[in-house]
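Trainee: Here is what each chain is made of, one letter per residue.
There are 2 protein chains.
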Amino acid sequence: MTGSSAPQHETPVKTIAFVQYPGLTPLDIVGPLQVFSVLSRHAPGYDTVVVGEQIEPMATDTPLSLVPSHTFETMPDPYALIVPGGTNPTVAAMADEKLLEKLRTTAARSKIVGSVCTGSLLLAAAGLLEGRRANTHWMYRSLLAKFGAIPVNERWVKDGNVVTAAGVSAGIDMALHLVGELAGPDTARKVQLFIEYDPEPPFGPIDWEAADPGQYTPRLQKSLHQALADHPALLKRLTS
Amino acid sequence: MTGSSAPQHETPVKTIAFVQYPGLTPLDIVGPLQVFSVLSRHAPGYDTVVVGEQIEPMATDTPLSLVPSHTFETMPDPYALIVPGGTNPTVAAMADEKLLEKLRTTAARSKIVGSVCTGSLLLAAAGLLEGRRANTHWMYRSLLAKFGAIPVNERWVKDGNVVTAAGVSAGIDMALHLVGELAGPDTARKVQLFIEYDPEPPFGPIDWEAADPGQYTPRLQKSLHQALADHPALLKRLTS
Chain A
1 MTGSSAPQHE
11 TPVKTIAFVQ
21 YPGLTPLDIV
31 GPLQVFSVLS
41 RHAPGYDTVV
51 VGEQIEPMAT
61 DTPLSLVPSH
71 TFETMPDPYA
81 LIVPGGTNPT
91 VAAMADEKLL
101 EKLRTTAARS
111 KIVGSVCTGS
121 LLLAAAGLLE
131 GRRANTHWMY
141 RSLLAKFGAI
151 PVNERWVKDG
161 NVVTAAGVSA
171 GIDMALHLVG
181 ELAGPDTARK
191 VQLFIEYDPE
201 PPFGPIDWEA
211 ADPGQYTPRL
221 QKSLHQALAD
231 HPALLKRLTS
Chain B
1 MTGSSAPQHE
11 TPVKTIAFVQ
21 YPGLTPLDIV
31 GPLQVFSVLS
41 RHAPGYDTVV
51 VGEQIEPMAT
61 DTPLSLVPSH
71 TFETMPDPYA
81 LIVPGGTNPT
91 VAAMADEKLL
101 EKLRTTAARS
111 KIVGSVCTGS
121 LLLAAAGLLE
131 GRRANTHWMY
141 RSLLAKFGAI
151 PVNERWVKDG
161 NVVTAAGVSA
171 GIDMALHLVG
181 ELAGPDTARK
191 VQLFIEYDPE
201 PPFGPIDWEA
211 ADPGQYTPRL
221 QKSLHQALAD
231 HPALLKRLTS
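Protein chains in written order, with this note's numbering: chain A, 1 to 240; chain B, 1 to 240.
Incorrect hints may have been included.
Just so you know, same-sequence chains aren't split out, so a pair can sit in one copy or run between any two.
Unchecked claim - EDC-like, lysine to aspartate or glutamate: derived pairs with alpha carbons at most 20 Å apart: (1) Lys190 to Glu200; (2) Lys190 to Glu53; (3) Lys190 to Asp212; (4) Lys158 to Glu200; (5) Lys158 to Asp47; (6) Lys190 to Asp207; (7) Lys190 to Glu209; (8) Lys190 to Asp61.
Just so you know, the hints here were simulated from the structure itself, not pulled from any lab data.
Please model the complete structure; the sequences and the hints are all you need to start from.
Mentor: The following block contains the structure:
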């Protein structure tokens, strides 16, 4: 764009910032990131960044490593901040006070704060979900109440400016919902078209009764004990 | 496992290998990679790797860079090879003879060859889809016929040992289908439970009639001309 044709007061770009930290579940971050990246190609005024403590490759719970685009110090002003989740490394990150403080200060600068899967446990540990309705991965849902949040079993839950999704793949649905709120349903449908999100789960939707989530309580306990072995106070808070 | 308790003839691990190259659409690779990574945690005998020409960060069509775990030279013997897609960089990669040759030789060693989105255009350019029913991202579907493939509008298409998915998010459905074939429906349902794949697209399924895919033909032509400006022979083959 040439200087002469630029409007005098451009609408500021809305930056959707995704947090990256070691060991996360990549589908948690890539699902909604892809949605908002397609939005930024189809609608003016949106941008995406991935923010980490350092710009270097970090492991995930798959063989793929990811590299963020910015640090918390170099990122542009965020419009929305979205925190992905994971398994044990995310539980361990609940004790990472340095990361939690960065989430607090960045969330305070954001109009929307969101999470996917156990990313909401990081928001909760940062004190950002007190008194709010929220969701997380089904296996970890009961933990939200330990931080004063109100666990809700919905695909995504909006309470004020905080929106929290269910596990892993739910971040795609939440992101499309947010695109609809920000840019309108027609634009959201166009984004959905370009990521060809026309789901056909080959075994149908989840049969929650047959899945019997309650059977996984010992697995949750094991995860907490493994991840928080070095943080007995937090472990006690989550298991008592 | 101690030496004394190890069976004398262990079942070889089935390695699911995902190809990474510069500029791809990360959801194309991360969707099915997450599915198979969860499988490898819940069922013995499966492993995942991400294979690139070099183990170094590569850009994607989002601000995130990805780092593969192996090169084609260091990867273990693949059971399945899955090629993700993307936009212009994937179209440009159709002219990358070095990559195509690696796809050919690796596919020849694999029991299953798969693709997500325009990844099937790379398989097609490598000569691997001749006479086969196949799919790709809806916008690029007509191009498959230029390489002797038979374009099919299904969420995923299996023809012999080759399985090709529709665009981007379809890789999740295809991967769950493959898990069902390899490890059985109960295991596939458990993987689906752990990635909480219980889709609720906020605006419903894609309304293909309203979406009017035909209106995007000029956009496809523009993509081809941009991506293949330096490859006039391939450009002519795809546009004539």
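Trainee: Each hint should be assessed against the structure and marked as holding or not.
Mentor: Verification of the supplied hints:
1. Taking CA atoms no more than 20 Å apart as the test, lysine 190 paired with glutamate 200 passes in both settings, with 19 Å inside one copy and 17 Å between copies.
2. Within a single copy, lysine 190 and glutamate 53 get their C-alpha atoms no closer than 33 Å, and across copies no closer than 34 Å, so neither meets the 20 Å cut-off.
3. In this assembly of identical chains, the alpha carbons of lysine 190 and aspartate 212 lie at most 20 Å apart only when taken from different copies (11 Å versus 36 Å within one copy).
4. For the identical chains of this complex, lysine 158 and glutamate 200 are inter-copy neighbours only, at 15 Å across copies versus 26 Å inside a copy, given an alpha-carbon limit of 20 Å.
5. Neither within a single protomer nor between protomers do lysine 158 and aspartate 47 lie at most 20 Å apart by alpha-carbon distance, with minima of 22 Å and 37 Å respectively.
6. Taking the shortest alpha-carbon separations for lysine 190 and aspartate 207, only the inter-copy value of 10 Å comes in at or below 20 Å, while the best intra-copy value is 30 Å.
7. For the identical chains of this complex, lysine 190 and glutamate 209 are inter-copy neighbours only, at 13 Å across copies versus 35 Å inside a copy, given an alpha-carbon limit of 20 Å.
8. When the C-alpha separation of lysine 190 and aspartate 61 is checked against a cutoff of 20 Å, the pair qualifies only between copies, where the shortest distance is 17 Å, while the shortest distance within a copy is 31 Å.
The structure fails hints 2 and 5 (numbered hints given earlier, in ascending order).
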